[in-house]
Amino acid sequence: MRVRRAPSSAEDRSGPVRALLPVAVALGLALVPAGATATPSSLFWAPSSQVQPFAVPHLTYDTYFFPGSSKAASYPVTLGVTSGVLPFERLQLELGFDVLLPTRSPLFLNAKLGAPEGAMFAGSPSVAIGVYDAGVTGDSALDVFYGVVGKRTFIGAIDVGGYVGSDRLLRTSSGATERAGLLAGVALPPIAVKRPWLQRVEVRWDVVTGRNVIGATGGGLAFVFLPSLSILTGPIFFFDPPQQPAGTGWLWSVQVDVEVGARQEPAR
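Mapping of the sequence shown onto this note's numbering: residues 1075 to 1342, in sequence order.
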């Protein structure tokens, strides 16, 4: 599950990192044996503190649409790949890209550097910093920088953090700047099914605050069929509907995730 943003607004973004990220991604690609390195690891819509494992490419196919017949509202389809590129346990890095189709500026880059729980000291939380929605053209880069910490508790895995992005493009529908906010998420303990066709079901929910194009809350059920295959589905509710397709206040999402060669559970 990769972080969800507003692809329909992808053609109205800009930012300062677009000249550097292609170099970083190219370096990461050179380090990945499979030659693949999408949206950052996430619960549903917001980036999480988890980092994709080394040399395990993650493929994603995400759709957002209005399921009724009263509105013609949807995002472009998101096709993405992400992979870990550092062979260390205590320090991890993932790099990736998304292609949003159909759009005039379809390519977006992302990166995340983090440390898992217990890496810094006994009982330490997981921590991560990163950037997503980094476009390669001046009109398609939100350049959302974020930091997040996470911890597994008896009620589930919890992530809390904040973000800051393009002051030109992260605005309210009335034109006021709204470039920063909070992000948080929770994944409840998984429900074990242990059937040949379904391993477990997970309940997830997260939020990105702000009356801008990425401000939203959403979640749903993740069905884990295999260690390498999961499907997440549920609604996403927007905080500034006029900036969304057809001015809709919500869309339904179906997210298909595949871990290539995974021998462990898919990253959140």
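Honestly, the hints are just simulated from the structure, not real lab data.
As the structure is a prediction and not an experimental result, all values here were calculated from the model.
Careful, some of the hints might be misleading.
Stated by the list, open to error - Pair by pair, the computed Cβ-Cβ distance ranges are:
1) VAL1334 / ILE1203: 24 to 30 Å
2) GLY1197 / VAL1173: 18 to 24 Å
3) GLY1236 / LEU1262: 21 to 27 Å
4) LEU1165 / PHE1299: 44 to 50 Å
5) PRO1315 / LEU1181: 24 to 30 Å
6) ALA1196 / PRO1270: 25 to 31 Å
7) ARG1242 / ALA1196: 39 to 45 Å
8) GLY1192 / GLY1249: 43 to 49 Å
9) ALA1320 / VAL1267: 19 to 25 Å
10) VAL1330 / ARG1269: 16 to 22 Å
Cβ coordinates follow ideal geometry from the N, Cα and C atoms, glycine included.
To see whether the hints hold, each was checked on the structure:
| no. | hint | result |
| --- | --- | --- |
| 1 | VAL1334 / ILE1203: 24 to 30 Å | holds (26 Å) |
| 2 | GLY1197 / VAL1173: 18 to 24 Å | violated (40 Å) |
| 3 | GLY1236 / LEU1262: 21 to 27 Å | holds (23 Å) |
| 4 | LEU1165 / PHE1299: 44 to 50 Å | violated (31 Å) |
| 5 | PRO1315 / LEU1181: 24 to 30 Å | holds (27 Å) |
| 6 | ALA1196 / PRO1270: 25 to 31 Å | violated (38 Å) |
| 7 | ARG1242 / ALA1196: 39 to 45 Å | holds (44 Å) |
| 8 | GLY1192 / GLY1249: 43 to 49 Å | holds (45 Å) |
| 9 | ALA1320 / VAL1267: 19 to 25 Å | violated (37 Å) |
| 10 | VAL1330 / ARG1269: 16 to 22 Å | holds (19 Å) |
Of the hints listed earlier, those the structure fails to meet are numbers 2, 4, 6 and 9, in rising order.
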